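Asks: Same order as they appear, the protein sequences are chains A and B. Quick note on numbering: the numbering used here labels position 193 of the first sequence as 198, and the sequence is numbered without any gaps. Quick note on numbering: the numbering used here labels position 101 of the second sequence as 107, and the sequence is numbered without any gaps.
No lab work stands behind these hints: they were computed from the structure. Computed from a predicted model, the values in this text were never measured in an experiment. Where a beta carbon is used, it is the ideal one built from N, C-alpha and C, also for glycine. Warning: the hint list may mix true and false statements.
[To be verified] Ranges between beta-carbon positions, derived for each pair:
1) B:Lys140 <-> A:Val23: 52 to 62 Å
2) A:Thr14 <-> B:Ala183: 51 to 61 Å
3) B:Ala183 <-> A:Arg240: 24 to 34 Å
4) A:Leu157 <-> B:Thr319: 55 to 65 Å
Residue strings, one per chain:
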Amino acid sequence: MKPLRARRTKAIAITATVTFLVLATVVAFFVGSSSVGLPEFWALITGHPLSDSAKSILLNVRLPRVLAALLAGAALAMAGALIQAVLDNPLACPNIIGINAGAGFAVLLVSAFVPGLFALQPLAAFAGALVTAVIIFFISLGMGASRLTVVLAGIALSSIFAAGMNTILIVNPDAYIGASRFLVGGLSGVLMTNLIWPAPYIIIGLVVAVLVANKLNIMSLGDATAHSLGMNVGRWRMSLLGLAALLAGCAVSFAGLLGFVGLIVPHLIRFLVGHDNRVVLPLSATFGAAFVVFCDLLARTAFAPYEIPVGILMAFIGGPFFVYLIIKNRKHGDA
Amino acid sequence: MRKTDATKGTERFADVTKGTVPFVTSSEDMTKGTVPFVTSGTVPFVTSAAARPVASTPARGVSPQAISVKDLSYTYTKKPFIEGLSLDIARGEITSIVGPNGCGKSTLLKLIDGIIEPHGGEVLIDGKPSLGMKGRQRARHLALLAQGARPPAMSVEALVACGRYPYHSQMRSHLDAEDKRQIEEAMLLAGIEEFRNHDVRRLSGGERQRAFIAMTLAQDTDIIALDEPTTYLDVRACHDIMQLITELNRISGKTILMVIHDLDLALRYSDAMVVMKKGRCICAGSVEEVFDSGAIEQAFHIEVCRVPSKDRTAYTLFPLD
Numbered sequence: 006m007k008p009l010r011a012r013r014t015k016a017i018a019i020t021a022t023v024t025f026l027v028l029a030t031v032v033a034f035f036v037g038s039s040s041v042g043l044p045e046f047w048a049l050i051t052g053h054p055l056s057d058s059a060k061s062i063l064l065n066v067r068l069p070r071v072l073a074a075l076l077a078g079a080a081l082a083m084a085g086a087l088i089q090a091v092l093d094n095p096l097a098c099p100n101i102i103g104i105n106a107g108a109g110f111a112v113l114l115v116s117a118f119v120p121g122l123f124a125l126q127p128l129a130a131f132a133g134a135l136v137t138a139v140i141i142f143f144i145s146l147g148m149g150a151s152r153l154t155v156v157l158a159g160i161a162l163s164s165i166f167a168a169g170m171n172t173i174l175i176v177n178p179d180a181y182i183g184a185s186r187f188l189v190g191g192l193s194g195v196l197m198t199n200l201i202w203p204a205p206y207i208i209i210g211l212v213v214a215v216l217v218a219n220k221l222n223i224m225s226l227g228d229a230t231a232h233s234l235g236m237n238v239g240r241w242r243m244s245l246l247g248l249a250a251l252l253a254g255c256a257v258s259f260a261g262l263l264g265f266v267g268l269i270v271p272h273l274i275r276f277l278v279g280h281d282n283r284v285v286l287p288l289s290a291t292f293g294a295a296f297v298v299f300c301d302l303l304a305r306t307a308f309a310p311y312e313i314p315v316g317i318l319m320a321f322i323g324g325p326f327f328v329y330l331i332i333k334n335r336k337h338g339d340a
Numbered sequence: 007m008r009k010t011d012a013t014k015g016t017e018r019f020a021d022v023t024k025g026t027v028p029f030v031t032s033s034e035d036m037t038k039g040t041v042p043f044v045t046s047g048t049v050p051f052v053t054s055a056a057a058r059p060v061a062s063t064p065a066r067g068v069s070p071q072a073i074s075v076k077d078l079s080y081t082y083t084k085k086p087f088i089e090g091l092s093l094d095i096a097r098g099e100i101t102s103i104v105g106p107n108g109c110g111k112s113t114l115l116k117l118i119d120g121i122i123e124p125h126g127g128e129v130l131i132d133g134k135p136s137l138g139m140k141g142r143q144r145a146r147h148l149a150l151l152a153q154g155a156r157p158p159a160m161s162v163e164a165l166v167a168c169g170r171y172p173y174h175s176q177m178r179s180h181l182d183a184e185d186k187r188q189i190e191e192a193m194l195l196a197g198i199e200e201f202r203n204h205d206v207r208r209l210s211g212g213e214r215q216r217a218f219i220a221m222t223l224a225q226d227t228d229i230i231a232l233d234e235p236t237t238y239l240d241v242r243a244c245h246d247i248m249q250l251i252t253e254l255n256r257i258s259g260k261t262i263l264m265v266i267h268d269l270d271l272a273l274r275y276s277d278a279m280v281v282m283k284k285g286r287c288i289c290a291g292s293v294e295e296v297f298d299s300g301a302i303e304q305a306f307h308i309e310v311c312r313v314p315s316k317d318r319t320a321y322t323l324f325p326l327d
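All chains, please: the whole structure from these sequences, using the hints.
Replies: Now the structure itself:
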């Protein structure tokens with residue numbers, strides 16, 4: 006590809022992604038089940054007088070929801086991009102290798118035993134995600150572990166954690182308010198108090214990931230070459246998986262087991278702009294944020310008066326895409 | 007006649023390799039000869055005397071050996087794979103390591119680069135223990151081109167730019183003027199500047215190998231190690247790569263250490279050779295010395311014949327029964 010054309014494609018992709026993000030965010034603010042819409046939104050921004058109920062809907066219902074979608078989307082897409090690059094496995098993403106389930110189990114465990122302690126939830130989610138990531142890391146290191154082996158191991162881990170979550174919910178049905186939403190991944194009922202603790206971790210995680218993106222480029226040369234260039238490959242691989250676990254875990258702590266964002270978005274971005282992780286990572290986060298805001302908007306308006314959790318919509322899109330990736334990988338003979 | 011001599015010689019080699027005494031000096035042929043391998047740089051070899059680069063005269067305080075392997079041991083399973091291996095790689099020369107499959111050549115290269123850690127002994131790079139070095143520090147002394155490195159999804163220029171990694175701090179990937187100069191120079195030397203915007207995956211085998219060599223050049227090290235640089239290449243590309251390696255040695259003064267399967271190429275293009283068998287070094291010295299010792303013939307169980315043409319020499323191999 007000519008460099009000029011490549012640069013133009015990149016510029017177009019960046020512009021389109023940012024535009025998508027801004028549009029989706031703004032629209033998500035003034036569309037919803039109540040009649041509060043564009044005029045009220047405009048009044049709020051410009052500081053004009055506004056009825057208390059409209060103000061409350063915008064600030065206490067829609068703002069946390071949009072923020073949650075932005076944070077969860079960015080975190081999960083970034084985690085997916087990191088995991089795919091670190092494990093050199095296009096089939097991997099936080100929900101497929103079991104990181105989401107590990108985090109979810111930890112969140113339910115904490116809410117069952119120390120309810121109401123919101124500060125603890127993202128940390129517990131991170132711990133659960135990290136444990137899963139470490140297990141997957143050692144499985145992927147094993148001799149002859151193929152890409153599908155890692156995926157199968159992830160499915161096994163997910164089943165175990167799912168069994169754990171169901172056990173908690175059967176023994177203690179009140180452990181988590183909106184548990185059914187949590188299990189499929191949804192953003193209805195997310196409050197600011199749910200976001201205050203995980204949000205800083207996610208923002209720090211995103212910044213660090215973008216700063217170290219070049220490591221992933223070096224890693225893509227293979228372990229021996231990366232080592233020869235002076236990189237401590239094992240240490241960085243584990244650190245970056247830990248970073249992915251932090252991002253995914255924090256997202257799970259308020260959005261539940263939201264899947265497939267981390268699978269679809271990085272693939273789409275790489276298809277558009279190529280494999281340079283210094284571009285792929287920030288764009289994945291941006292597009293992931295926009296994508297979840299957009300899907301959540303669809304999920305709460307398309308089937309009005311019913312509202313479906315965004316996780317269900319994601320699964321409808323992501324499931325077939327995952328099957329497509331498996332078939333494509335098989336054809337290349339390296340699955 | 008040579009064969010019996012060589013066998014006798016190797017038995018003796020095997021005894022000394024365990025000790026710390028530099029192995030080469032114990033060789034009967036070599037002590038008799040006037041050219042002990044360890045005194046590199048000062049004694050011209052027949053093959054390259056005229057074109058010896060200035061870089062072979064070590065600066066003050068720098069070890070005369072580019073790489074020094076001391077009593078190295080490594081075990082994959084329970085049985086020792088490499089045991090008591092000692093070896094010196096002279097500065098400013100092209101040294102080839104040859105030996106049958108599974109003799110530990112690639113493992114030795116991995117031990118030198120520190121991808122795997124030895125269970126005994128040590129490796130000195132430029133006189134400093136390699137295990138004591140930080141990754142980036144080592145990567146400024148020694149560049150290793152791994153065997154069959156997977157072609158990454160990036161342009162040639164981006165690949166070559168990866169060679170500047172050891173000079174960047176943890177968070178920096180921005181290229182400064184010096185980086186850019188080194189990258190341009192590396193691409194020019196390797197003859198791939200016309201492909202700079204091509205995807206590495208779409209290059210031919212020879213071009214791809216040049217791109218990887220350019221990356222190791224951008225690393226700006228005195229020593230370059232190559233693990234089977236000519237595997238899977240056609241005969242023209244093999245010679246192109248070897249000529250490039252020769253140029254890097256003669257003109258840029260790089261110390262070259264390579265593992266190579268093609269004995270003809272090794273004998274033609276090297277200054278010095280190391281013959282390995284079953285995790286031991288059975289002979290080391292200048293190409294002439296190694297050729298005359300018969301160690302190659304003994305290691306591979308073949309006969310090596312010189313085929314002189316007008317001004318060059320090729321080597322033909324015949325299997326022995």
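Asks: Please flag the earlier hints that this structure goes against, numbers listed from lowest up.
Replies: Failing hints, ascending: 1, 2.
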